[in-house]
Structure formats: C-alpha cells, structure tokens
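There are 2 protein chains.
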Amino acid sequence: MRLRELGEQALLDWIRRRAGRKRTKGLLLGIGDDAAVLRVGTGKKKALATSDMMLEGVHFDLCCQTPYQLGFKLVSVNVSDIYAMGGQPRFAFFEIGAPSDTPVEFTKQIFEGVFDALDLYKAVLAGGDVCASRSGLVLNMSVIGEGEKIIKRSGARVGDSLYVTGPLGDSACGLALMKKIGKPVNIEKKGKINEPLPWEVMKPLLERHLMPFVKRKKPPQRATAMMDISDGLLIDAIRLCKESAVGVKIYEAGIPVSPQMREAARFLGADALMLAKTGGEDYELLYTAAGTKAGGTLIGEIIESGYYIAGPSGAVRKFRSGGYEHFSGT
Amino acid sequence: MRLRELGEQALLDWIRRRAGRKRTKGLLLGIGDDAAVLRVGTGKKKALATSDMMLEGVHFDLCCQTPYQLGFKLVSVNVSDIYAMGGQPRFAFFEIGAPSDTPVEFTKQIFEGVFDALDLYKAVLAGGDVCASRSGLVLNMSVIGEGEKIIKRSGARVGDSLYVTGPLGDSACGLALMKKIGKPVNIEKKGKINEPLPWEVMKPLLERHLMPFVKRKKPPQRATAMMDISDGLLIDAIRLCKESAVGVKIYEAGIPVSPQMREAARFLGADALMLAKTGGEDYELLYTAAGTKAGGTLIGEIIESGYYIAGPSGAVRKFRSGGYEHFSGT
Chain A
1 MRLRELGEQA LLDWIRRRAG RKRTKGLLLG IGDDAAVLRV GTGKKKALAT SDMMLEGVHF
61 DLCCQTPYQL GFKLVSVNVS DIYAMGGQPR FAFFEIGAPS DTPVEFTKQI FEGVFDALDL
121 YKAVLAGGDV CASRSGLVLN MSVIGEGEKI IKRSGARVGD SLYVTGPLGD SACGLALMKK
181 IGKPVNIEKK GKINEPLPWE VMKPLLERHL MPFVKRKKPP QRATAMMDIS DGLLIDAIRL
241 CKESAVGVKI YEAGIPVSPQ MREAARFLGA DALMLAKTGG EDYELLYTAA GTKAGGTLIG
301 EIIESGYYIA GPSGAVRKFR SGGYEHFSGT
Chain B
1001 MRLRELGEQA LLDWIRRRAG RKRTKGLLLG IGDDAAVLRV GTGKKKALAT SDMMLEGVHF
1061 DLCCQTPYQL GFKLVSVNVS DIYAMGGQPR FAFFEIGAPS DTPVEFTKQI FEGVFDALDL
1121 YKAVLAGGDV CASRSGLVLN MSVIGEGEKI IKRSGARVGD SLYVTGPLGD SACGLALMKK
1181 IGKPVNIEKK GKINEPLPWE VMKPLLERHL MPFVKRKKPP QRATAMMDIS DGLLIDAIRL
1241 CKESAVGVKI YEAGIPVSPQ MREAARFLGA DALMLAKTGG EDYELLYTAA GTKAGGTLIG
1301 EIIESGYYIA GPSGAVRKFR SGGYEHFSGT
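Chains as they are written, first to last, in this note's numbering: chain A, 1 to 330; chain B, 1001 to 1330.
Just to be clear, a hint being listed does not mean it is correct.
[Stated by the list, open to error] Rough simulated footprint, nothing fancy, chain A against chain B, three-plus residues with beta-carbon under 8 Å:
#1 1007-1017
#2 1305-1312
[To be verified] Think about it this way: if two alpha-carbon atoms lie no more than 30 Å apart in a straight line, the pair counts; the simulated DSS-like pairs of lysine-lysine are:
#3 1045/B with 122/A
#4 25/A with 1045/B
#5 149/A with 1025/B
#6 108/A with 1242/B
#7 1022/B with 22/A
#8 180/A with 149/A
#9 45/A with 1192/B
#10 44/A with 1022/B
#11 149/A with 1022/B
#12 1192/B with 1215/B
#13 179/A with 189/A
If you're looking for bench data, these hints aren't it; they were derived computationally from the structure. Built from N, CA and C at the ideal position, the CB exists for glycine as well.
With the hints as extra help, turn the sequences into a complete structure.
Given below as structure tokens:
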C-alpha cells in the first residue's frame, strides 16, 4: 500500500499509537494537539534546542540506505548536538515530507528507526509534521534537551589543549565503502556481507555512517569549549576557534584513526589521514581543556591566532576549512 | 550572486549578523553553537513546542509568492499553533534547504520575511539549519513558546457551544485569486494591482493567503477546548471532536464570511460557503465554551456523537472531513 491509499489521517493515527502514551517526566501533552506541552530545563537546568534537516540526494541516497537507518541517523545527529553542549536529549519533533507514492511500509520503517533510536537515547517523540512532497524525501528533526553545566564553543583559551573523544574518518570511509557496495545493507537486522572486505573490517565503518549511535562521553569537568565534529575535523576546529577568538595548532600524528579505517582506506586507495581530517559525520566531540591529561585523545593546542597543522616530521603549515560545506558541494 | 558562489559559511554569518545580538529574556545562547540554550516555561508557565514544514509545489508555488511572503507565512503558521494552546511564541528555529543556484538575494528575502514576522510576534530566531537541496525549496520551522493556562483540543463537553474567532474561507479565496493573477504581488512593499477585481476587495484576501498575520485573540476564560483552523473548518472540527470524544452540529448560517470573500467568490464562480467550510489556512481559532455568549462567532454546538451540519433551511445532514489532507491531494 502507498501513502496515497492510506491517507494523512491514518498515518498520523498510526504514529500516535506507535509513540504510545509513555509517561515521561516533563511531557505534559504529546502528539495530537496544536503544540506539545513540556516542562524542561527548570531549576538549575537550562533547556537546549537544536535541529537538523536531511534531504534525499544531499544527505542520503536511497540506493544505499534503508529507511530504518535514515530515521535512526536523524535522531543521532540531533542528539550529538545536545551532548556537545553537555546536555541530555528529552523530546524530539520529527517532520517528514514524502511523495504520495511512497510505500506505507517504507514510511513506517523510517519511524521505527526514529523510535528505536529515541528509546536508546531515553528521549521521546513529542510532535512533528507529516506532509506530501513533490520532490523526494525530506526529513527534519528538532530535539529539546536540558543540561546543568553548559559547555559552549566560545570558551577556549590560549594554552588549552585540544582533544577529541574517538577515532575520526570512520563515517567518511563507511560512505566510500557503501558507494562501492551500491545497495542497502540491513545492519539493523544483523544483515552482513563480506564483499569487498571482511565483515569485521567493514561493519564498524558502515555502522558509523549508516546508523551511528552516539555514546555519551562525559566531558572533563574542566572542558573550556566543546562541539561535535559533524562536517570534518579541520572545518569544525576553525568554527570552535572563531567562536573563541583564538587559533589552533593540530598535531597530525595525534589524530586517532581506527585500524579498520586504515585497512579499508588502503583497499579503497584513499588517504586515511585525509579522511580523518576532512571526513564528516563522525559525531565525536572536539573540546579544549587546560593541561595535557584531560581525558580523550590530545590532538593539538590553542594558540593566539591562525590555523596550523604540524605534520609527522614536525613541519608546520597553515590550513583552511577542508570539510563539507553546503552549496559549494565540496 | 548565487548560493554556490556565496557558500554556506558566508550565509550563516549573514544570518547571524541579521539576527543580531538581541537581549531577549530567556535566550541564554542563540545562533552559533551546537544548540541554543533557553530558559522557557518556568514557574507557573509551561513550555510549548510546535513545528511546520512548507514544501515547494505542495505548500507554495514560486510562480505566485514572493520569498519574503514565504518566510513571513512560515512564522505565522507556527505562531498560530502556539496561540491555539493559549500561549505566546518566544523562540524560533528555521531550517532551509535551497538549490545551490538559488540567488542569494532571494534567500535573504525569505529570511527578511522570517525576521519581520518574528519581530511582530515578539519572538526571536534562536537556531536552525541551512543546507543544499536537490529538489526545490524546503522550509521548516519549529517554535517554542510558553503559556500558563493551556487550552487543549480535548476538553469539549456535550452542551458546549462552538465558536470561531473570525471569517473563514478568505485564504482559500485568496489562493484562487492568485491562480488567476498568476504572478507574485508584492503586498509587503505596498505593491497592488486592480485586476481582475478592485484592490480593496482583493487585498485582504491575498494578504490572508500570502502573508497572514495572526492576531492574538484572547480566548474566553472559560474555553473548554481550542485549536486553530489550518486545514479547513469541517476537518478541523472533526479533529477537535475526536480528541474530546464528542460530536458536533454546525449551523451553516452561523459561519462567518467576509463581504470581500463573498464578492470575489461570486466573480470566481465559486461557492462562498463551501470555501468557508473546507478552505484551509485561515488560522482563526475554533473553540468550545459553555453558554452562547462566550465571545467570537457562535457556529454550532457539541453533541454526544456524530458530525452534523444544519443548512439554512434547518435540514440537518451528516458530514465527513472535507478539507486538505496530505497524500490524497484533496
């Protein structure tokens, strides 16, 4: 059956039943009215709000991703932004535009991905919008969360060290692998393939790209600035520096790369370090703190101005963005 | 210049400058970080959140609407949802997907419409997302507000009267006029035309469709249920009834119709009453209250079950939805 046959109201009814009537603290009124009624960020806590759009042909390609994965990922990219402030996600609002001839089951699978991810992050769907689209699949999500000690991008100080919470480039490498595989892989249903590389090499990379689960890594108490890496290490490091009015020197040798990524990059004929520096969607946290033992992997230092990268030989050169920028397509 | 030449970062910088650093109560951190930091709905108040998507070819047609009008309207449809709960809008999150060859000036005009409308509603832009689109213009907005006495859809009781805050069908009639005119009318810049009807007849109808300004009408203290009419009186009345587990009898003769709409409908060969009953996007409030003198225009009564409409002659018949439903295209 297609959405045209089901109709908007029946889809809305299904969503509401699927969301259930969970008794969630702070959710005074959920799906079904003109607006959700919430109690969030009271007392010592503050409310956090973020949003992300995912468009067909730009952020995803139906040739290579299952609808479940799209829903799951949309939640993760938003949750990552909340974690990047030092907060916890609470309520999600999901807007979807889909062509009228979209199979109902396909649409429901997107929602299943959304619901499963929200469960894992201990958040709930509190509202959204459903509409017909004449131009491919359009997904948008806003997440409202809360946090007590908020960590902004703007607090980095000269002399701070720069840290990252985990290996970089896995997602970009997973994307490159998917392009080679050329069809969806049902990781969520334990689906696996051993082509063109062993599954234990590909799995973590594909998972990181297709349906990333963002672990909440407790940032060090003394983190001075923080953000998540969504467009690439170099471009995002510049963004953090601009907000803090400082410069940075990144140690190329310090950038963490997973062994799987190194192996896959070799197979793909790609430069692992380049993927780690400019690949997007890793959703690791980038943060600054005083001293060199603040936890995480030390990858650089905050300086007065300019953006520099020190190669393994010690040679220092300037760098520009290098990462995903919309409109330019680079 | 086109977005491709300007680049994402330069557009983001412009948006942030344009948004300014308004000191707004409760906005602890606005555009520029991973998430906005807010204080909203504290004390006796509760937080409200709603979202709406607007897609090219479905919700709007660039042949007949200026970019400014699109931005303005997107704010209004969200604010209307907040008003419909008895609340006040505070913070907006705006996500836009635009093709890379979109003129920069066109894009900025959308934002001008957003900013001007937010100013009128005393709300501010607190965040959002900007991305390239391969499939037309994609707009989405979430608005967070707050309110003390929240009015849900679910409180209507048998015996309550049904009220509406203003004339219906104006927006649908304005849309029909725009299709006849076939080119954008710059109402926002005092642009006017006298074809095919006198301007004083067309203006309020076009305005209602192109860039509706939702007046905050204080609902009566004793309103038992409330919602805004966005898809059409009949379909929305059914929604309110379903939430309240009641039925309704609507008096056709009571439905308010503006003199301009009546005149334009006559010219268009359309049935004014049909437009008023099924036309969407009027953003008037529909509410129930005990007694027949609760303010607004009395248009019906809440009964135990069933959806009925009483014609001018007194003949009563059943009705079904009749209004805009996505996917079915009716």
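Do the hints match the structure? See the list:
Coverage of the region 1007-1017 of chain B by chain A holds in this model, with 4 residues showing a Cβ closer than 8 Å to a Cβ of that chain against a need of three. With 0 residues carrying a beta carbon less than 8 Å from a beta carbon of chain A, the region 1305-1312 of chain B misses the three-residue requirement, and the given coverage is violated. As the CA atoms of residue 1045/B and residue 122/A are separated by approximately 25 Å, the hinted pair is consistent with the 30 Å bound. For the suggested pair residue 25/A and residue 1045/B, the alpha carbons sit about 16 Å apart, so the restraint of at most 30 Å is met.
With a CA separation close to 20 Å, the supplied pair residue 149/A and residue 1025/B stays within the 30 Å bound. The suggested pairing of residue 108/A with residue 1242/B holds, with an alpha-carbon distance near 23 Å, which does not exceed 30 Å. Restraint check for residue 1022/B and residue 22/A: the C-alpha separation of about 38 Å exceeds 30 Å, so the hint is violated. Using a Cα cut-off of 30 Å, the hinted pair residue 180/A and residue 149/A is violated, with the two alpha carbons roughly 43 Å apart.
Among the hinted pairs, residue 45/A with residue 1192/B is inconsistent with the structure: their alpha-carbon atoms are about 51 Å apart, more than 30 Å. Among the hinted pairs, residue 44/A with residue 1022/B is consistent with the structure: their alpha-carbon atoms are about 24 Å apart, no more than 30 Å. The suggested pairing of residue 149/A with residue 1022/B holds, with an alpha-carbon distance near 23 Å, which does not exceed 30 Å. Taking the CA atoms of residue 1192/B and residue 1215/B, the gap is near 23 Å; set against the 30 Å cutoff, the hint holds.
Between the alpha carbons of residue 179/A and residue 189/A the distance comes to roughly 20 Å, so the proposed pair stays at or under 30 Å and holds.
In the structure shown, a violation is registered for the earlier hints numbered 2, 7, 8, 9, in ascending order.
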